[in-house]
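Enquirer: Below are the chains, spelled out letter by letter.
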Amino acid sequence: MNVIKIIFKNSIRMITLLIAVAIASFILVTSSPIDPVQSYVREGVAVSAEQREEIANYWGLYNSPIERFENWGKNILNGDMGTSLIYRKPVSEVIGEKFQSSIILMSISWIISGILGFVLGVIMGVFESSKIDKFIRNICFIISSTPSFWIGMMFLIIFSVKLGWFPIGFSVPIGVSSDNITFSQKLYHAILPAITLSFSSFSNIALHTRAKITEIMKSNYILFAKARGESLFNIIKRHVLRNALIPAVTLQFASISEIFGGSILAEQVFSYPGLGQTAVDAGLRGDIPLLLGIALISSIFVFLGNIIANILYAVLDPKIREGAKYSE
Amino acid sequence: MKNIPEIEIENLSITFKIYEKGLIQKNIKTISNLCLKAYKGEILAVVGSSGSGKSLLAHAIMGILPKNATVTGSIKYKGSELTEKRIHNLRGKEICIIPQSVSYLDPLMKVGSQVMIKNNKSCFEKMRNAFKRYDLCENAEKLYPFQYSGGMARRALISTVEQTEPSVIIADEPTPGLDKQMAYKTMKYFRDFADKGKAVIIITHDIDIAVQYADKVSVFYGGTTLETTKAENFIKGEKYLCHPYTKALYNALPQNGFKPVEGFQPSPYDVFEGCIYYDRCDIRCEKCKENIPIYNFPDGSGFVRCINGY
Numbered sequence: 001m002n003v004i005k006i007i008f009k010n011s012i013r014m015i016t017l018l019i020a021v022a023i024a025s026f027i028l029v030t031s032s033p034i035d036p037v038q039s040y041v042r043e044g045v046a047v048s049a050e051q052r053e054e055i056a057n058y059w060g061l062y063n064s065p066i067e068r069f070e071n072w073g074k075n076i077l078n079g080d081m082g083t084s085l086i087y088r089k090p091v092s093e094v095i096g097e098k099f100q101s102s103i104i105l106m107s108i109s110w111i112i113s114g115i116l117g118f119v120l121g122v123i124m125g126v127f128e129s130s131k132i133d134k135f136i137r138n139i140c141f142i143i144s145s146t147p148s149f150w151i152g153m154m155f156l157i158i159f160s161v162k163l164g165w166f167p168i169g170f171s172v173p174i175g176v177s178s179d180n181i182t183f184s185q186k187l188y189h190a191i192l193p194a195i196t197l198s199f200s201s202f203s204n205i206a207l208h209t210r211a212k213i214t215e216i217m218k219s220n221y222i223l224f225a226k227a228r229g230e231s232l233f234n235i236i237k238r239h240v241l242r243n244a245l246i247p248a249v250t251l252q253f254a255s256i257s258e259i260f261g262g263s264i265l266a267e268q269v270f271s272y273p274g275l276g277q278t279a280v281d282a283g284l285r286g287d288i289p290l291l292l293g294i295a296l297i298s299s300i301f302v303f304l305g306n307i308i309a310n311i312l313y314a315v316l317d318p319k320i321r322e323g324a325k326y327s328e
Numbered sequence: 001m002k003n004i005p006e007i008e009i010e011n012l013s014i015t016f017k018i019y020e021k022g023l024i025q026k027n028i029k030t031i032s033n034l035c036l037k038a039y040k041g042e043i044l045a046v047v048g049s050s051g052s053g054k055s056l057l058a059h060a061i062m063g064i065l066p067k068n069a070t071v072t073g074s075i076k077y078k079g080s081e082l083t084e085k086r087i088h089n090l091r092g093k094e095i096c097i098i099p100q101s102v103s104y105l106d107p108l109m110k111v112g113s114q115v116m117i118k119n120n121k122s123c124f125e126k127m128r129n130a131f132k133r134y135d136l137c138e139n140a141e142k143l144y145p146f147q148y149s150g151g152m153a154r155r156a157l158i159s160t161v162e163q164t165e166p167s168v169i170i171a172d173e174p175t176p177g178l179d180k181q182m183a184y185k186t187m188k189y190f191r192d193f194a195d196k197g198k199a200v201i202i203i204t205h206d207i208d209i210a211v212q213y214a215d216k217v218s219v220f221y222g223g224t225t226l227e228t229t230k231a232e233n234f235i236k237g238e239k240y241l242c243h244p245y246t247k248a249l250y251n252a253l254p255q256n257g258f259k260p261v262e263g264f265q266p267s268p269y270d271v272f273e274g275c276i277y278y279d280r281c282d283i284r285c286e287k288c289k290e291n292i293p294i295y296n297f298p299d300g301s302g303f304v305r306c307i308n309g310y
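Sequence lines, in order, name chains X and D.
Using this note's numbering, the letters of the first sequence map in sequence onto residues 1 to 328.
Using this note's numbering, the letters of the second sequence map in sequence onto residues 1 to 310.
Errors might be hidden in some of the hints.
[What the hints assert, rightly or not] For lysine-lysine, the following DSBU-like pairs were computed, each having C-alpha atoms within a straight-line distance of at most 35 angstroms: (1) D:Lys78 - D:Lys239; (2) X:Lys226 - D:Lys126; (3) D:Lys85 - X:Lys131; (4) D:Lys67 - D:Lys78; (5) D:Lys26 - X:Lys218.
[Stated by the list, open to error] Taking beta-carbon pairs under 10 angstroms as the criterion, some of the chain X residues facing chain D (in silico): (6) Glu215; (7) Ser219; (8) Ala227.
[Claimed, not checked] Covered by chain X, according to a simulated footprint, are these stretches of chain D (three or more residues, beta-carbon under 8 angstroms): (9) 104-118; (10) 188-197; (11) 254-268.
Note that these hints are calculated values from the structure, not bench results.
Only a predicted model underlies this, so the values are computations on that prediction, with no experimental measurement involved.
Glycine included, every Cβ here is placed at the ideal spot set by N, Cα and C.
Build the full structure now, drawing on both the sequences and the hints.
Expert: This is how it looks when you write it as structure tokens:
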């Protein structure tokens with residue numbers, strides 16, 4: 001079947017992509033001026049030159065880069081991503097932990113931006129060049145040209161500082177032991193950063209959907225539906241949504257990469273300890289194993305979003321789904 | 001005049017507002033002073049070259065012209081004015097259009113379910129009966145439009161008419177792309193509609209097929225009607241036709257000598273006074289530059305728009 005073929009093709013693509021990402025990020029890291037031993041021992045700790053030498057030898061820092069890459073790659077394949085220098089914990093554990101709080105944030109904003117973007121896009125497209133279309137379109141243009149960190153700061157000032165509706169930061173309440181934190185508390189802390197994050201992508205989805213809907217509204221089959229006396233509501237329900245859904249779903253899954261990128265800024269503004277902030281920390285403080293680990297995991301994550309978009313396209317579009325079947 | 005026509009169009013003009021080179025607004029008159037009558041139980045074939053405004057006429061009747069179009073003149077249905085509100089209630093029920101190609105079908109909807117106007121049992125049965133009548137197998141209900149051939153799509157589009165009991169059917173180019181046998185068969189379907197007492201308007205290029213089934217032929221040129229005449233006159237010969245363009249059209253048919261006439265149909269961008277066929281007419285005179293009167297035929301079967309009359 002077609003769908004299986006697409007999954008297979010994309011899996012191969014994913015493997016080659018991961019190899020490429022691994023090589024590229026490894027080269028970047030090794031040629032950067034970061035001294036891993038220095039990051040490991042940190043400043044202010046009295047470590048003699050001999051001890052440093054010993055650590056370097058133990059890590060194999062004097063081996064050729066290819067040997068080091070081989071060593072790292074083998075460990076990765078065995079599921080060992082090394083130990084984070086900041087957290088002094090295995091990288092996989094750190095990523096897992098941070099990913100959990102990030103995923104709450106990202107999925108809320110992904111859902112908000114998807115639904116909001118689609119609904120606004122449909123309204124704009126159906127009532128093209130009416131007042132409501134112009135109004136929403138202008139708002140979309142303004143929002144999409146506003147940096148999300150600025151929106152985040154405005155939200156903080158208005159909703160957290162002035163109105164006090166939301167916490168001013170972090171993913172969990174301060175001064176509560178981690179065993180006592182409920183899911184609703186986590187959710188409560190994620191709302192403001194999630195809305196900020198969805199602001200960076202919903203306008204994009206809305207404008208794309210609008211373009212698609214106006215194209216559909218001008219099509220011959222909508223003209224014929226009108227001529228057959230179908231009401232506007234019926235036309236939207238029967239034809240417009242059906243035809244707009246495939247591109248919308250594809251766009252929605254492709255937007256995962258945008259949300260992922262945007263989450264770094266949003267997490268920074270709200271001091272939200274997610275994957276994005278950890279990536280920034282790892283970069284600034286020279287935590288090479290963690291940085292490489294995050295690079296790999298995030299590329300898998302983004303790629304999965306795109307793969308799902310591709311597969312859904314094949315499942316939803318009858319031209320691809322039934323293309324192989326023979327007709328009369 | 002025998003009875004009241006189902007559709008009566010008088011002095012219809014359609015003007016499009018378009019923007020040229022930036023913000024310069026221009027009005028383009030694509031249809032001007034068009035007259036047409038469609039009677040119960042008759043097929044009226046609307047013939048004319050591409051760009052003569054045939055499809056626009058159909059869209060004007062159905063009230064589905066684009067927003068930048070302005071319509072003047074009158075369209076009457078059963079003797080009373082067909083207002084925008086009235087056509088909204090009538091279209092798809094009493095007045096139906098059969099579009100020309102597969103692009104008028106929703107690409108993501110199974111053909112059977114989009115032929116059904118409502119999702120209920122009676123619509124389903126009507127659809128199934130219509131499919132049977134037009135030689136579409138049951139399997140064809142479950143196919144998507146992209147799996148249809150051109151001929152199948154056309155038959156599916158014709159079957160949409162049988163969802164309701166329309167009194168007027170407008171078919172936009174139902175025959176091109178079909179082989180002769182299929183084309184005759186399609187025309188036969190329309191003949192049946194007319195014989196059941198419906199008024200049928202067929203917009204077509206295939207004059208020689210159309211005149212064999214139609215009762216009357218209306219000749220379009222440059223957005224107006226030059227002549228409406230009995231279809232049999234097209235078979236009987238040139239001397240039964242009145243307008244020089246109708247005669248030229250007759251003589252251009254392969255079986256009648258295949259004779260072309262020099263020149264082009266005027267573009268709607270050109271503004272015309274007097275006869276629209278003036279440039280290409282053999283018998284033009286100074287008077288043709290003035291207003292051209294309409295001469296109705298004494299038997300009420302049609303009219304000609306030419307100063308030479310009939």
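Enquirer: Each hint should be assessed against the structure and marked as holding or not.
Expert: To see whether the hints hold, each was checked on the structure:
Under the criterion of a C-alpha separation no larger than 35 angstroms, the hint pairing Lys78 (chain D) with Lys239 (chain D) is consistent with the structure, at around 34 angstroms. Distance hint between Lys226 (chain X) and Lys126 (chain D) is fulfilled; the C-alpha atoms sit about 20 angstroms from each other, no more than 35 angstroms. At roughly 23 angstroms between alpha-carbon atoms, Lys85 (chain D) and Lys131 (chain X) fall within 35 angstroms of each other, so this suggested pair holds. Simply put, Lys67 (chain D) and Lys78 (chain D) have alpha-carbon atoms about 26 angstroms apart, close enough for the 35 angstroms limit, and the pair holds.
At roughly 22 angstroms between alpha-carbon atoms, Lys26 (chain D) and Lys218 (chain X) fall within 35 angstroms of each other, so this suggested pair holds. Contact between Glu215 (chain X) and chain D, as hinted, is not supported at the beta carbon level, the nearest pair being about 12 angstroms apart and thus beyond 10 angstroms. Interface hint at Ser219 (chain X): satisfied, since its Cβ lies 7 angstroms from the closest Cβ of chain D, which is below the 10 angstroms cut-off. Interface hint at Ala227 (chain X): satisfied, since its Cβ lies 5 angstroms from the closest Cβ of chain D, which is below the 10 angstroms cut-off.
Residues of the region 104-118 of chain D with a Cβ under 8 angstroms from some Cβ of chain X number 8, which satisfies the need for three, so the listed coverage holds. Look at the region 188-197 of chain D against chain X: 0 of its residues bring a Cβ nearer than 8 angstroms to a Cβ of that chain, fewer than three, so the hint is violated. Coverage of the region 254-268 of chain D by chain X is violated in this model, with 0 residues showing a Cβ closer than 8 angstroms to a Cβ of that chain against a need of three.
The structure does not agree with the numbered hints 6, 10 and 11 stated previously, though it agrees with the rest.
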